[in-house]
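Participant: For reference, the chains in residue letters:
2 protein chains.
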Amino acid sequence: MTQHLDDAFLADWAVHSRFGAVPGTNGVDRQAATAADGEQRAWFAQLLEQHGFTVERDAAGNQFGLLELVPGAPYVLTGSHLDSQPTAGRFDGAFGVMASAHACFRVANELRADPSAARVNLAVVNWFNEEGSRFKPSMMGSSVFTGKMPLDAALATTDPRGVTVGDALDAIGERGAGDVFGGDSGREVASYAEIHVQQGRSMEEDGVTIGLVNATWAAHKFEFTVTGAQAHSGSTLMVDRRDALLGAARLVVAARELVDEFEPGALHTACGELNVYPNSPVVVASEVRLLLDLRSPSADVIREAHASLQRTIERVQREDRVEIAVTAEHSWDQNPYPEAGVELAREVAEELGLTHDRVMTVAGHDSTNMKDTVPTVMLFVPSVAGISHSLDEFTEEADLVAGVDHLTGVVRRLAGGALLD
Amino acid sequence: MTQHLDDAFLADWAVHSRFGAVPGTNGVDRQAATAADGEQRAWFAQLLEQHGFTVERDAAGNQFGLLELVPGAPYVLTGSHLDSQPTAGRFDGAFGVMASAHACFRVANELRADPSAARVNLAVVNWFNEEGSRFKPSMMGSSVFTGKMPLDAALATTDPRGVTVGDALDAIGERGAGDVFGGDSGREVASYAEIHVQQGRSMEEDGVTIGLVNATWAAHKFEFTVTGAQAHSGSTLMVDRRDALLGAARLVVAARELVDEFEPGALHTACGELNVYPNSPVVVASEVRLLLDLRSPSADVIREAHASLQRTIERVQREDRVEIAVTAEHSWDQNPYPEAGVELAREVAEELGLTHDRVMTVAGHDSTNMKDTVPTVMLFVPSVAGISHSLDEFTEEADLVAGVDHLTGVVRRLAGGALLD
Numbered sequence: 000m001t002q003h004l005d006d007a008f009l010a011d012w013a014v015h016s017r018f019g020a021v022p023g024t025n026g027v028d029r030q031a032a033t034a035a036d037g038e039q040r041a042w043f044a045q046l047l048e049q050h051g052f053t054v055e056r057d058a059a060g061n062q063f064g065l066l067e068l069v070p071g072a073p074y075v076l077t078g079s080h081l082d083s084q085p086t087a088g089r090f091d092g093a094f095g096v097m098a099s100a101h102a103c104f105r106v107a108n109e110l111r112a113d114p115s116a117a118r119v120n121l122a123v124v125n126w127f128n129e130e131g132s133r134f135k136p137s138m139m140g141s142s143v144f145t146g147k148m149p150l151d152a153a154l155a156t157t158d159p160r161g162v163t164v165g166d167a168l169d170a171i172g173e174r175g176a177g178d179v180f181g182g183d184s185g186r187e188v189a190s191y192a193e194i195h196v197q198q199g200r201s202m203e204e205d206g207v208t209i210g211l212v213n214a215t216w217a218a219h220k221f222e223f224t225v226t227g228a229q230a231h232s233g234s235t236l237m238v239d240r241r242d243a244l245l246g247a248a249r250l251v252v253a254a255r256e257l258v259d260e261f262e263p264g265a266l267h268t269a270c271g272e273l274n275v276y277p278n279s280p281v282v283v284a285s286e287v288r289l290l291l292d293l294r295s296p297s298a299d300v301i302r303e304a305h306a307s308l309q310r311t312i313e314r315v316q317r318e319d320r321v322e323i324a325v326t327a328e329h330s331w332d333q334n335p336y337p338e339a340g341v342e343l344a345r346e347v348a349e350e351l352g353l354t355h356d357r358v359m360t361v362a363g364h365d366s367t368n369m370k371d372t373v374p375t376v377m378l379f380v381p382s383v384a385g386i387s388h389s390l391d392e393f394t395e396e397a398d399l400v401a402g403v404d405h406l407t408g409v410v411r412r413l414a415g416g417a418l419l420d
Numbered sequence: 000m001t002q003h004l005d006d007a008f009l010a011d012w013a014v015h016s017r018f019g020a021v022p023g024t025n026g027v028d029r030q031a032a033t034a035a036d037g038e039q040r041a042w043f044a045q046l047l048e049q050h051g052f053t054v055e056r057d058a059a060g061n062q063f064g065l066l067e068l069v070p071g072a073p074y075v076l077t078g079s080h081l082d083s084q085p086t087a088g089r090f091d092g093a094f095g096v097m098a099s100a101h102a103c104f105r106v107a108n109e110l111r112a113d114p115s116a117a118r119v120n121l122a123v124v125n126w127f128n129e130e131g132s133r134f135k136p137s138m139m140g141s142s143v144f145t146g147k148m149p150l151d152a153a154l155a156t157t158d159p160r161g162v163t164v165g166d167a168l169d170a171i172g173e174r175g176a177g178d179v180f181g182g183d184s185g186r187e188v189a190s191y192a193e194i195h196v197q198q199g200r201s202m203e204e205d206g207v208t209i210g211l212v213n214a215t216w217a218a219h220k221f222e223f224t225v226t227g228a229q230a231h232s233g234s235t236l237m238v239d240r241r242d243a244l245l246g247a248a249r250l251v252v253a254a255r256e257l258v259d260e261f262e263p264g265a266l267h268t269a270c271g272e273l274n275v276y277p278n279s280p281v282v283v284a285s286e287v288r289l290l291l292d293l294r295s296p297s298a299d300v301i302r303e304a305h306a307s308l309q310r311t312i313e314r315v316q317r318e319d320r321v322e323i324a325v326t327a328e329h330s331w332d333q334n335p336y337p338e339a340g341v342e343l344a345r346e347v348a349e350e351l352g353l354t355h356d357r358v359m360t361v362a363g364h365d366s367t368n369m370k371d372t373v374p375t376v377m378l379f380v381p382s383v384a385g386i387s388h389s390l391d392e393f394t395e396e397a398d399l400v401a402g403v404d405h406l407t408g409v410v411r412r413l414a415g416g417a418l419l420d
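As they're listed, the protein sequences go chains A and B. Under numbering that gives the first Met the number 0, the first residue of the first sequence carries the number 0, and numbering increases by one thereafter. Under numbering that gives the first Met the number 0, the first residue of the second sequence carries the number 0, and numbering increases by one thereafter.
One or more of the hints may lead you astray.
What the hints assert, rightly or not - For each label pair, taking beta carbons as the anchor points, the in silico distance ranges come out as:
hint	chain 1	residue 1	chain 2	residue 2	range
1	B	Ala-265	A	Arg-17	16 to 24 angstroms
2	A	Glu-395	B	Ala-265	53 to 61 angstroms
3	B	His-329	A	Gln-309	56 to 64 angstroms
4	A	Ala-327	B	Gln-2	53 to 61 angstroms
5	A	Glu-262	B	Glu-318	17 to 25 angstroms
6	B	Gln-45	A	Gln-309	53 to 61 angstroms
7	A	Ser-330	B	Glu-256	48 to 56 angstroms
8	B	Asp-371	A	Arg-314	45 to 53 angstroms
9	A	Glu-38	B	Thr-224	57 to 65 angstroms
Rather than coming from a laboratory, the hints here were simulated on the basis of the structure. Keep in mind the model is a prediction, meaning the values are calculated, not measured. In this text, a Cβ means the ideal position worked out from N, Cα and C, and glycines have one as well.
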């Protein structure tokens with residue numbers, strides 16, 4: 000690609016991270032449907048319009064930029080999400096959206112010059128609430144879009160202060176009236192492409208510029224409710240206590256210790272969220288809710304880890320006299336991306352002379368939803384030290400630019416009809 | 000005492016627990032300076048005024064009922080606190096306030112009939128924010144009253160939503176202008192008496208009706224801040240993580256395991272409050288703040304337990320690569336109540352034919368502050384199974400009535416000049 004295209008991308012990239020910037024850091028705090036998210040969406044809509052795209056929002060708050068080149072034809076859709084975790088990096092999600100926009104701007108210019116090359120139209124998407132920090136679950140916008148979550152359930156979801164998704168979207172003026180694709184819209188998605196920073200460190204270590212994502216790790220995610228009995232935390236005899244926080248703490252420790260039962264790297268575990276009731280200085284907790292995740296490339300490892308965790312749960316219930324209930328869970332097996340998309344991405348990398356390799360994704364992405372619906376390509380660029388969901392997240396500019404080039408190649412082929420029929 | 004006096008107490012007792020009642024339970028949720036606290040304070044002021052007492056509030060929100068019988072003489076002060084923990088019992092604190100009011104009503108009637116028996120005046124107190132659940136620290140009102148906490152610091156304390164004590168007191172109309180005792184008020188406290196449910200089960204087990212509180216357990220209370228690094232909780236390699244919640248969970252477990260290093264009953268430990276940042280489903284926590292308490296009748300046990308805890312902290316810091324800092328702490332040795340007050344309470348119990356024994360208190364009370372300032376008597380009545388800070392807290396009516404009778408005897412002697420000079 001020529002320098003002026005790189006410069007155009009980098010100029011917009013420099014602006015995008017001002018929205019929700021955390022003072023004194025290189026990171027952002029731009030949770031879904033906050034004021035910062037709303038301001039960035041308004042700016043992003045202007046950017047799309049300046050390049051001739053029409054901006055529409057659907058009822059779930061997904062933001063689309065549309066360019067119809069072939070009347071009535073379906074669309075190649077490409078994007079990611081602009082929302083972030085609290086005090087997070089500026090790359091996660093946002094790189095994918097900005098790269099998608101510039102890939103489409105470039106391909107649009109090519110197709111305007113040579114309309115005969117176009118078989119499908121172009122669309123950029125900024126999915127609503129991929130992160131799931133303010134409103135659970137994550138990947139909300141793409142889940143509604145792909146029919147995996149009812150719209151009403153998404154709109155009724157509340158944040159910790161009781162604000163619903165519907166009200167939060169109204170507050171930033173980002174709640175659309177109906178469908179942008181499917182339904183009565185008259186538009187269909189032909190294919191989907193997404194690019195993301197890796198959130199792991201294998202590509203950096205292996206010197207790979209383009210990751211060809213071929214599968215998602217298996218996972219089993221739990222919400223546990225640990226129930227004890229409220230008591231005075233000073234005067235109550237230790238033998239009389241049924242301490243829900245103690246039970247929960249034993250699960251947090253057990254999750255970490257599970258990892259050592261398997262080969263290094265075979266199992267990732269985590270407890271990211273834990274809430275205590277009544278959470279008062281002199282009261283033994285009566286209830287703790289916590290999330291606990293098991294992730295592995297191997298479903299067998301997940302099953303073994305789950306069985307071991309279950310033995311710990313039974314021991315903690317017995318010894319600490321608390322009840323531990325699974326109040327929500329969901330799981331999936333190792334989940335492949337379509338081979339045709341991986342091959343297409345490999346060809347583009349070869350063409351551009353970019354180092355590449357197949358990689359699995361541990362994290363979920365909106366493409367995890369989309370790949371079950373339409374032909375999909377998922378790409379990674381390296382992330383320094385694999386630091387993610389952190390103010391210290393970083394990807395080298397050369398890798399960003401290479402990623403935009405590569406995604407442009409993918410979008411160009413998809414616009415020309417690749418992966419169709 | 001005669002039946003009509005018991006009946007008068009029980010009638011008011013039946014009304015008092017309607018304020019902040021938790022539907023479907025026998026308990027209350029009446030945290031400091033909430034609407035429920037305000038409504039009960041208004042009712043309590045009416046009750047005091049109906050019995051001829053003048054109601055005043057000081058600048059820290061302590062509520063007083065005053066009856067001057069001997070112009071210019073000091074006052075016997077008696078009371079406790081009407082605020083509660085979240086979803087707590089109706090006895091804790093409130094019994095002491097209601098018993099104090101009725102003890103004063105009875106003694107006031109006696110002294111009105113025989114003014115020559117009075118050497119000091121009568122005052123009832125409802126201390127502000129003894130519980131410390133909404134606003135920390137606990138025993139706030141009596142700490143300001145006894146000069147242990149600056150008034151400005153108390154008023155500037157915020158709850159988790161950022162509301163200050165000052166604003167919360169204004170909102171319920173319970174912030175007074177200045178001092179009610181000391182300062183420019185022209186009034187002095189001669190002596191203090193408080194009664195409380197035990198919050199332990201020894202008195203019930205030993206068949207003791209009146210506990211003569213002779214000391215407070217030693218304690219060392221910590222606020223720890225565990226610092227790790229924010230990271231993606233799925234994709235980050237386990238060896239790269241610095242998980243603050245894991246470090247905190249190890250402290251919660253260690254606190255419980257410390258107990259087993261000592262004789263049964265020699266050490267109580269607890270973590271009642273724990274807050275996680277960013278507390279998001281897919282983010283490794285970067286910071287956890289938790290409270291950890293060590294309590295024992297023996298300061299030596301506290302010291303040994305603290306040393307053992309310190310070894311655990313060093314190991315967790317090393318192995319889990321987190322930092323654990325003490326961000327606040329306070330400690331006290333075993334703390335005796337004045338012997339003269341214990342003996343006075345014993346004499347009253349003998350006179351009334353009530354079973355009695357010396358007991359230590361594990362929990363803190365407003366009398367812990369007052370006893371450092373004026374002659375003080377601290378009394379307990381039994382609590383069934385020692386259940387405290389729980390909706391299931393319960394004390395038998397016969398014990399409540401005996402407690403009011405006993406406190407009346409104590410207040411009568413204090414009004415007659417006992418414990419002075």
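Participant: Decide, hint by hint, whether the structure agrees.
Facilitator: For each hint, the structure was consulted:
Here the CB-CB span from Ala-265 (chain B) to Arg-17 (chain A) is close to 59 angstroms, at odds with the stated 16 to 24 angstroms. Between Glu-395 (chain A) and Ala-265 (chain B) the beta carbon distance is about 59 angstroms. The supplied range of 53 to 61 angstroms therefore holds. Between His-329 (chain B) and Gln-309 (chain A) the Cβ separation comes to about 42 angstroms, which falls outside the hinted range of 56 to 64 angstroms. A hinted range of 53 to 61 angstroms for the beta carbons of Ala-327 (chain A) and Gln-2 (chain B) is consistent with their spacing of about 56 angstroms.
Glu-262 (chain A) and Glu-318 (chain B) have their C-beta atoms about 20 angstroms apart, which keeps the hinted 17 to 25 angstroms range intact. Evaluation of the 53 to 61 angstroms hint for Gln-45 (chain B) and Gln-309 (chain A) yields a pass: the beta carbon distance comes to about 58 angstroms. Under the hint 48 to 56 angstroms, the C-beta atoms of Ser-330 (chain A) and Glu-256 (chain B), about 33 angstroms apart, miss the expected range. A hinted range of 45 to 53 angstroms holds for the C-beta pair Asp-371 (chain B) and Arg-314 (chain A), which are about 46 angstroms apart.
Look at Glu-38 (chain A) against Thr-224 (chain B): about 33 angstroms separates their beta carbons, and that is not inside 57 to 65 angstroms.
Hint violations for this structure: numbers 1, 3, 7 and 9, all remaining hints satisfied.
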